[in-house]
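Knowing the structure of chain V, use the given hints to seat chain E on it.
What follows is each chain in one-letter form.
Protein chains: 2
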Amino acid sequence: MAKKLSWTEARDILTEQAAPVGTERKPLRDACGRILAAPVTAVENVPPFDRSPYDGYALRSADTQGELPVTLNILEEIPAGSVPTAALTPGTAAKILTGAPVPEGADCCIKFEETEFGPETVTVPVRLSPGENLVRAGEDMRIGDLLADAGRRVDAGAAGAIASQGIAEVEVYRVPRVGVISIGSELIEPGEPMRPGCIVNSSRYALQAALEAEGLSVSFYPIPRDDTDAIAALVDAALTENDAVITTGGVSVGDYDLTKAAYEQAGVRILCGDLALKPGGKSWYGIRNGRLIFGLSGNPASAMTNFYAVVLPCLRKLRGDPGGRLPEMYAALAESFGKSGKQTRLLRGRLILGESGPVFAAADKQGNSAIHTLAGANALAEIPAGTGPLEAGAKVKIYYFGE
Amino acid sequence: MAKKLSWTEARDILTEQAAPVGTERKPLRDACGRILAAPVTAVENVPPFDRSPYDGYALRSADTQGELPVTLNILEEIPAGSVPTAALTPGTAAKILTGAPVPEGADCCIKFEETEFGPETVTVPVRLSPGENLVRAGEDMRIGDLLADAGRRVDAGAAGAIASQGIAEVEVYRVPRVGVISIGSELIEPGEPMRPGCIVNSSRYALQAALEAEGLSVSFYPIPRDDTDAIAALVDAALTENDAVITTGGVSVGDYDLTKAAYEQAGVRILCGDLALKPGGKSWYGIRNGRLIFGLSGNPASAMTNFYAVVLPCLRKLRGDPGGRLPEMYAALAESFGKSGKQTRLLRGRLILGESGPVFAAADKQGNSAIHTLAGANALAEIPAGTGPLEAGAKVKIYYFGE
Chain V
1 MAKKLSWTEA RDILTEQAAP VGTERKPLRD ACGRILAAPV TAVENVPPFD RSPYDGYALR
61 SADTQGELPV TLNILEEIPA GSVPTAALTP GTAAKILTGA PVPEGADCCI KFEETEFGPE
121 TVTVPVRLSP GENLVRAGED MRIGDLLADA GRRVDAGAAG AIASQGIAEV EVYRVPRVGV
181 ISIGSELIEP GEPMRPGCIV NSSRYALQAA LEAEGLSVSF YPIPRDDTDA IAALVDAALT
241 ENDAVITTGG VSVGDYDLTK AAYEQAGVRI LCGDLALKPG GKSWYGIRNG RLIFGLSGNP
301 ASAMTNFYAV VLPCLRKLRG DPGGRLPEMY AALAESFGKS GKQTRLLRGR LILGESGPVF
361 AAADKQGNSA IHTLAGANAL AEIPAGTGPL EAGAKVKIYY FGE
Chain E
1 MAKKLSWTEA RDILTEQAAP VGTERKPLRD ACGRILAAPV TAVENVPPFD RSPYDGYALR
61 SADTQGELPV TLNILEEIPA GSVPTAALTP GTAAKILTGA PVPEGADCCI KFEETEFGPE
121 TVTVPVRLSP GENLVRAGED MRIGDLLADA GRRVDAGAAG AIASQGIAEV EVYRVPRVGV
181 ISIGSELIEP GEPMRPGCIV NSSRYALQAA LEAEGLSVSF YPIPRDDTDA IAALVDAALT
241 ENDAVITTGG VSVGDYDLTK AAYEQAGVRI LCGDLALKPG GKSWYGIRNG RLIFGLSGNP
301 ASAMTNFYAV VLPCLRKLRG DPGGRLPEMY AALAESFGKS GKQTRLLRGR LILGESGPVF
361 AAADKQGNSA IHTLAGANAL AEIPAGTGPL EAGAKVKIYY FGE
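Chains V and E are the protein sequences, given in the same order. Residue numbers in the first sequence follow this note's numbering, run continuously in steps of one, and reach 403 at the last position. Residue numbers in the second sequence follow this note's numbering, run continuously in steps of one, and reach 403 at the last position.
Treat the hints with care, as some may be off.
Just so you know, same-sequence chains aren't split out, so a pair can sit in one copy or run between any two.
Claimed, not checked - Only pairs whose alpha carbons sit at most 30 Å apart, straight line, appear in this in silico DSS-like list of lysine-lysine:
no. : residue 1 : residue 2
1   : Lys-395   : Lys-4
2   : Lys-111   : Lys-4
3   : Lys-395   : Lys-339
4   : Lys-342   : Lys-111
These are calculated hints, taken from the structure and not from any lab test. This one's a predicted model, so the numbers in the text were calculated from it and none came from an experiment.
This is chain V alone, in the form it adopts within the complex:
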């Protein structure tokens, strides 16, 4: 038997094949949370003019170099949104509001609470330097500066930066469509009466929550008969209608494990599968016309472990993330881990960013079907083949998939 692939080898083979979906032009207000398909650069200086950071007075610093305090005549008042009408001459100032452009001739400002003022004059008690209390044109951003690069999410900072430039539309990746097929005649839906030997199709809901949290568009297909033809027909339809497809169930080696045969019948080229991983090693992956299909275990927790480890990096790349790979780091195990084994394990659990450093709290039960232990999980911890048992506090490698 050939050596099984590691999960990272499979992930790398598959992310290599994952190419971002197409792009579309969107108004900025419809693009929040999406990923930029092209870099956005500054088209204006920010601020566009020298402006006052305070409510106060704009003046000439030269007028404060002699005897102090010095009293200046107020030429005009410049609210934010207005334009100065007169240049300052020696001995004059302009009343100015936060954000307003300073008049020609002014090279500094002073807060109004640091002055004495009347309707006609302002008295300045301190020496000021050129540029003091003044925001220079282009100080925050110059024309051509990169606002946000391709592959960057339109988050609060990017949205604000793009808007501040008056840019009303951006090129973003469209939302990838993911089809989900649950295979297994034993599956029923929540709310249907329980029958002996039946199991509720929980993977479907776990996948829905995980896929929606990633901002993906998800379509669910009806549960097919345990029959190669029926599964192949559904796989064919799902690969036609979506950018990627996930199936659960039917990946083991027994009589009813039909996924691989159905994939091949639907014209899928198998890329890899059956990983040296516990749980979630049972899996098949393929591609048809550039569209990936991921065949995960019928055991919900196995399926979700494999989903986060292998599938999610591919889907993130589809969505426009440049690399797709989950952020990696080290954390201390919150509790000891008693098992050792011949296969690499991925533990599900919660990375906690505590005051004494990052800690990984593994879920209580790590069985294949213990889906409920994934609640609150945000990371996988890797226990490499041949290591373990591990003491509490032992450093483990963490793959963070998010809240």
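For chain E alone, coordinates are given in the frame of chain V:
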């Protein structure tokens, strides 16, 4: 002058007033990503019956205690989704597929690849113990076990756990509605022609991205005249139509800084404001009929710093998060920080979970208006009053607000 409040004091005063919005019953498929308003407990054992974790044979361990290998007669085949029809007697076994219930009398299973088998018999070469390769009823979950507590997000794990119990509906908090009012006659929208003295309303887009990323429903109001009556009318409408309101602009002390007066005119009771914080200290917070209103600076980066530090914890509590507070931790500064000051600073930047431990990369520019430096930011770092300059590698306290 009274001592200014710290940002944490203001946050605590305000989160104290923030009560979760009402709840609603939702089908599970519409509840993914929402927050549970009531605990969900198990109504069935998982698995509901003793079942096989593998494709193979169910048998009586007693039959493997004598001379090996032992050959057993196959009584029947039990696919997943089926019910056994015959109890095992000594010297018999049942062919069984992954997930199928074991027949009465069977107390262990063996993978089919570890046996030799024909259509009628299976030969077992190893001694097996009671319970070996068997998933016991209730092993993963027992009736009454907590599946997911109130205040817990319906994430992949929770959704899977709830579905696995056949529970088709859950009680969740409804999505809070947040109204946003941008104050400032100098503001124009992206795409409108730039006019001298005008500034694009970038805070609106930064807030949209931040609020939508939190799963909140956001309404934007037209920009009012710089006039107490006009602002008060809008504040009144927004507080009537939303669970919380954010205004930006008009919080300084000058002539056109009308927010506080407009709040009071609209019947808002001011709770606190004007914090010892840089940037983002200029602010007013109030409440009317239990609904909070947050008056942030007109400077976009000041507004967003204050938003993450003070407003977001309140909104998270409104949404159903029990505490609301941002996760706190320590991280090493990626670069030195050159400034010191009399006021507590919050630096915007990116918490990076690197292999050598958590690192905080402060954004390049920390000016009040440098909104673009927030792109990619996921955390605030606190530089307490009177500290700094700080070397690269210095530990700072981090408040993590997420991707």
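Could you tell me which of the hints above the structure violates, numbers in ascending order?
When the structure is compared with the hints, none of them turns out to be violated.
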